[in-house]
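**Q** Here is what each chain is made of, one letter per residue.
There are 2 protein chains.
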Amino acid sequence: MRQHNKTVPTGFRGDMANGFNPNDTSHLTADDLDHIARRQRLLGPAYRLFYRSPVEISRAKGVFLYDKHGNEYLDAYNNVASLGHSHPRVVHAIQDQLGTLCTHTRYMQNQLLDYAEMLIRTFGGELGRTGCAMFTCTGSEANDLALRVARFFTGKTGIIVTAEAYHGNSGAVAAISPSLGKKSTLDPYVRTVAAPDSYRLPVAEIGRRMAEDVTRQIADIERHGGGFAAFIADSAFSSDGLYVDPVDVLAPVAEVVRRAGGLFIADEVQSGFGRTGTHLWGHARHSVQPDIVTMGKPMGNGYPVAGVVLRPELVSEFGASMRYFNTFGGNSVAIAAAKAVLDTIIEEHLMQNASKIGSQILEGLNDLQKKYEFVGDVRGTGLYFGVELVKDRDLKIPDMDRALAVVNGLRDRRILISATGADAHILKIRPPLVFTSEHAGRLLEGIDQALAAV
Amino acid sequence: MRQHNKTVPTGFRGDMANGFNPNDTSHLTADDLDHIARRQRLLGPAYRLFYRSPVEISRAKGVFLYDKHGNEYLDAYNNVASLGHSHPRVVHAIQDQLGTLCTHTRYMQNQLLDYAEMLIRTFGGELGRTGCAMFTCTGSEANDLALRVARFFTGKTGIIVTAEAYHGNSGAVAAISPSLGKKSTLDPYVRTVAAPDSYRLPVAEIGRRMAEDVTRQIADIERHGGGFAAFIADSAFSSDGLYVDPVDVLAPVAEVVRRAGGLFIADEVQSGFGRTGTHLWGHARHSVQPDIVTMGKPMGNGYPVAGVVLRPELVSEFGASMRYFNTFGGNSVAIAAAKAVLDTIIEEHLMQNASKIGSQILEGLNDLQKKYEFVGDVRGTGLYFGVELVKDRDLKIPDMDRALAVVNGLRDRRILISATGADAHILKIRPPLVFTSEHAGRLLEGIDQALAAV
Numbered sequence: 001m002r003q004h005n006k007t008v009p010t011g012f013r014g015d016m017a018n019g020f021n022p023n024d025t026s027h028l029t030a031d032d033l034d035h036i037a038r039r040q041r042l043l044g045p046a047y048r049l050f051y052r053s054p055v056e057i058s059r060a061k062g063v064f065l066y067d068k069h070g071n072e073y074l075d076a077y078n079n080v081a082s083l084g085h086s087h088p089r090v091v092h093a094i095q096d097q098l099g100t101l102c103t104h105t106r107y108m109q110n111q112l113l114d115y116a117e118m119l120i121r122t123f124g125g126e127l128g129r130t131g132c133a134m135f136t137c138t139g140s141e142a143n144d145l146a147l148r149v150a151r152f153f154t155g156k157t158g159i160i161v162t163a164e165a166y167h168g169n170s171g172a173v174a175a176i177s178p179s180l181g182k183k184s185t186l187d188p189y190v191r192t193v194a195a196p197d198s199y200r201l202p203v204a205e206i207g208r209r210m211a212e213d214v215t216r217q218i219a220d221i222e223r224h225g226g227g228f229a230a231f232i233a234d235s236a237f238s239s240d241g242l243y244v245d246p247v248d249v250l251a252p253v254a255e256v257v258r259r260a261g262g263l264f265i266a267d268e269v270q271s272g273f274g275r276t277g278t279h280l281w282g283h284a285r286h287s288v289q290p291d292i293v294t295m296g297k298p299m300g301n302g303y304p305v306a307g308v309v310l311r312p313e314l315v316s317e318f319g320a321s322m323r324y325f326n327t328f329g330g331n332s333v334a335i336a337a338a339k340a341v342l343d344t345i346i347e348e349h350l351m352q353n354a355s356k357i358g359s360q361i362l363e364g365l366n367d368l369q370k371k372y373e374f375v376g377d378v379r380g381t382g383l384y385f386g387v388e389l390v391k392d393r394d395l396k397i398p399d400m401d402r403a404l405a406v407v408n409g410l411r412d413r414r415i416l417i418s419a420t421g422a423d424a425h426i427l428k429i430r431p432p433l434v435f436t437s438e439h440a441g442r443l444l445e446g447i448d449q450a451l452a453a454v
Numbered sequence: 455m456r457q458h459n460k461t462v463p464t465g466f467r468g469d470m471a472n473g474f475n476p477n478d479t480s481h482l483t484a485d486d487l488d489h490i491a492r493r494q495r496l497l498g499p500a501y502r503l504f505y506r507s508p509v510e511i512s513r514a515k516g517v518f519l520y521d522k523h524g525n526e527y528l529d530a531y532n533n534v535a536s537l538g539h540s541h542p543r544v545v546h547a548i549q550d551q552l553g554t555l556c557t558h559t560r561y562m563q564n565q566l567l568d569y570a571e572m573l574i575r576t577f578g579g580e581l582g583r584t585g586c587a588m589f590t591c592t593g594s595e596a597n598d599l600a601l602r603v604a605r606f607f608t609g610k611t612g613i614i615v616t617a618e619a620y621h622g623n624s625g626a627v628a629a630i631s632p633s634l635g636k637k638s639t640l641d642p643y644v645r646t647v648a649a650p651d652s653y654r655l656p657v658a659e660i661g662r663r664m665a666e667d668v669t670r671q672i673a674d675i676e677r678h679g680g681g682f683a684a685f686i687a688d689s690a691f692s693s694d695g696l697y698v699d700p701v702d703v704l705a706p707v708a709e710v711v712r713r714a715g716g717l718f719i720a721d722e723v724q725s726g727f728g729r730t731g732t733h734l735w736g737h738a739r740h741s742v743q744p745d746i747v748t749m750g751k752p753m754g755n756g757y758p759v760a761g762v763v764l765r766p767e768l769v770s771e772f773g774a775s776m777r778y779f780n781t782f783g784g785n786s787v788a789i790a791a792a793k794a795v796l797d798t799i800i801e802e803h804l805m806q807n808a809s810k811i812g813s814q815i816l817e818g819l820n821d822l823q824k825k826y827e828f829v830g831d832v833r834g835t836g837l838y839f840g841v842e843l844v845k846d847r848d849l850k851i852p853d854m855d856r857a858l859a860v861v862n863g864l865r866d867r868r869i870l871i872s873a874t875g876a877d878a879h880i881l882k883i884r885p886p887l888v889f890t891s892e893h894a895g896r897l898l899e900g901i902d903q904a905l906a907a908v
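Protein chains in written order, with this note's numbering: chain A, 1 to 454; chain B, 455 to 908.
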């Protein structure tokens with residue numbers, strides 16, 4: 001069923017499959033072609049643009065992005081501006097703090113501790129009572145730190161991830177991110193397990209199967225001499241294909257991991273901060289207690305702030321014998337931004353909004369599944385959806401080309417989404433938490449039109 | 455001469471040696487002790503505070519930090535706020551951009567390209583004409599990316615660093631940072647060479663010796679099968695002990711590195727953006743052409759922005775076969791901040807100011823060396839100084855205890871500096887580029903008093 005790198009023009013999978021194709025530019029304006037050529041020259045070949053017709057963005061407000069001609073784009077994808085673009089409360093918090101103080105964590109600052117306490121208390125169980133927080137700038141840095149801590153604490157190197165996991169862009173986390181493709185070398189001691197593919201596996205067995213897979217891979221790691229350090233997974237399996245249900249999958253895995261002396265790391269960079277509607281953290285839907293939680297993207301609604309919350313004993317030796325200092329991590333402005341975001345999510349009941357508007361969208365997507373034979377599966381929780389496009393409902397063969405066409409068809413209708421999964425055939429829809437019923441209607445109408453057109 | 459981990463109470467070396475000691479708190483107020491206990495609980499044991507009496511900072515402006523009682527501290531250390539704290543031009547640039555747009559690099563944005571072009575053009579030679587820029591959030595991420603690119607491009611793994619190098623906090627760069635101490639495991643294919651210690655080595659021979667060292671270590675790497683990928687050094691050897699002269703050291707090293715097929719990476723995270731007074735980039739003082747330049751700390755005057763500038767051919771294959779996406783790296787606000795910083799450095803002639811005020815400080819420090827027998831060596835360029843304290847001028851034995859006392863004596867006089875080097879006996883003085891002659895006088899007077907008191 002897997003057809004890696006076969007049909008994606010740019011040679012990328014997952015979220016990149018909607019990317020601009022430099023061999024398909026005849027539809028672009030001279031201005032756009034100039035910009036793209038200049039960009040290629042100044043940023044080099046590693047930078048990619050979204051969409052067959054890249055979008056030039058000049059300003060953004062709430063759920064809308066605007067190009068230089070004033071055209072309005074409905075943003076149903078950018079998880080970073082999770083409270084909406086230029087959210088006034090966050091903008092003002094940053095603006096105020098900027099004029100007062102922006103410095104690092106080696107001086108005493110009460111706001112840093114106040115936010116750390118507030119953040120830690122959002123977790124259930126022991127972690128929420130006794131956990132400690134460490135701040136970084138990016139989710140990649142948070143996952144990288146989690147790996148360093150896990151390996152240092154256990155004295156082992158083996159890491160288990162899901163088959164199409166993406167945990168970031170640093171050397172260490174890229175080496176545990178199979179979704180980066182075959183040319184990106186994996187760490188010798190990383191092993192993969194199948195994602196909990198609720199569309200293809202017997203749902204009642206997924207948790208048990210995954211735990212068995214993990215057990216097998218732990219044994220394999222031990223057999224190769226690395227020793228097992230940790231299991232890490234995105235709590236919504238975002239890059240595997242967005243498997244948000246069933247929610248009895250991670251607890252049996254965590255049990256197996258603990259029994260083997262490993263740590264369970266919940267990567268909440270995409271699934272955290274209320275995205276899933278019912279819980280602030282995706283792993284809480286699975287009733288699992290992680291040893292380390294990592295977070296990032298929406299944490300500062302655009303300001304670079306990220307972090308980990310973990311059991312303090314995991315860093316007692318790490319902290320005593322090594323220095324870990326992140327120059328910008330948790331600086332005064334980052335903390336002001338992060339606090340404004342968390343305050344807003346709680347006080348404006350954005351999780352509840354995500355749940356409510358999310359239900360409306362899910363219902364609409366389910367209707368579209370009935371309408372279109374090639375919509376094989378619809379998955380979602382809160383404001384996070386995966387819509388799987390297939391060539392054949394019985395055989396469930398991924399239809400990457402159609403997904404690419406739908407994503408770009410929506411872009412032409414000025415609605416922004418993306419696609420994910422190993423075969424990039426799963427529409428990834430992730431609107432801001434402030435989406436209204438009207439926005440949801442506009443999104444669903446656009447998707448309907450785009451599906452009808454392919 | 456090396457006494458690693460022997461006399462530093464917290465078990466840290468280098469910049470951490472001035473750290474707060476939890477076993478020495480009888481002089482602190484109940485409020486401070488409460489804060490510290492709370493901090494320990496919420497941030498865990500890996501976080502460190504500056505100074506025997508930690509400073510609580512409430513606001514900052516220009517070259518001054520202020521505590522909650524309104525006490526003024528002269529900042530002669532924080533390189534991040536290189537234009538001075540809350541610099542109005544940078545603050546306004548960020549404030550304005552925040553209200554307009556803060557999004558990522560997968561949409562077309564002219565300001566991103568304008569800044570990339572401006573930045574690239576600050577480099578000499580081929581790099582300035584044809585180089586490309588990639589944006590990250592932190593200097594650690596920039597060095598991590600440089601390593602990934604160097605290893606991918608060369609297909610080799612071996613890296614050569616200086617003996618007390620620090621290149622960041624991610625797993626990959628911590629593994630090439632010997633200054634993190636013996637418990638931080640180094641990569642099997644990293645090798646070290648002695649820093650260009652102008653105080654202990656015959657100055658005329660340093661470049662030749664270093665090139666010979668590098669040659670030997672390349673051979674050793676090859677002998678172990680890893681293959682030689684790159685040499686990386688901070689262009690001011692900041693954590694080795696701040697060896698800013700002589701400046702004929704890196705060119706012969708680069709020649710040896712190139713002959714062996716390796717890349718030369720200039721880490722400008724500390725030495726860049728005009729810090730050294732005569733050149734925007736530290737490596738330019740050495741008349742060397744790096745293959746990759748990494749930068750960070752002062753790039754956004756506090757906003758988390760960092761990056762690399764490199765030869766585009768180094769990423770042509772990396773860029774074609776892998777995705778590298780840094781969610782916040784080079785976002786609209788980061789670029790607005792970075793542009794305001796670079797504009798300010800150039801338009802307000804801050805490099806020239808660093809050179810002028812730097813000369814005044816260097817002269818003053820040289821006078822203090824005459825006055826105090828234990829001031830073994832004074833080094834500096836621009837607004838970047840190392841003052842080496844020794845137990846004996848002839849034997850040049852590092853005096854860590856006295857350096858610790860001077861740093862803390864200055865803190866008690868409300869002047870902020872730190873210490874560096876393997877034995878943490880070198881005062882590290884790094885005032886904002888906007889320092890005036892009056893600030894310089896105040897700094898020198900404070901240092902004189904602190905030296906007299908130990």
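Treat the hints with caution; some may be incorrect.
So the derived list for chain A, only partly shown, Cβ under 10 Å to chain B, looks like this [unchecked claim]:
| hint | residue |
| --- | --- |
| 1 | Tyr-47 |
| 2 | Gly-99 |
| 3 | Glu-117 |
| 4 | Ala-133 |
| 5 | Leu-145 |
| 6 | Phe-328 |
| 7 | Gly-446 |
| 8 | Gln-449 |
| 9 | Ala-452 |
Cut-off 25 Å, straight-line C-alpha distance, at most; resulting in silico cross-link-like pairs (BS3-like, lysine-lysine) [unchecked claim]:
| hint | chain 1 | residue 1 | chain 2 | residue 2 |
| --- | --- | --- | --- | --- |
| 10 | A | Lys-339 | A | Lys-61 |
| 11 | B | Lys-825 | B | Lys-793 |
| 12 | B | Lys-793 | B | Lys-515 |
| 13 | B | Lys-810 | B | Lys-824 |
| 14 | B | Lys-515 | B | Lys-810 |
| 15 | B | Lys-824 | B | Lys-793 |
| 16 | A | Lys-339 | B | Lys-522 |
| 17 | B | Lys-845 | B | Lys-825 |
| 18 | A | Lys-339 | B | Lys-850 |
| 19 | A | Lys-61 | B | Lys-515 |
| 20 | B | Lys-636 | A | Lys-68 |
| 21 | A | Lys-371 | A | Lys-356 |
Simulated from the structure, these hints should not be mistaken for lab results.
We put the CB at the ideal spot given by N, CA and C, even for glycine.
**Q** Check the structure against each numbered hint from earlier and tell me which ones fail, lowest number first.
**A** Structure breaks hints 7, 8, 9, 11, 15, 18, 19, 20.
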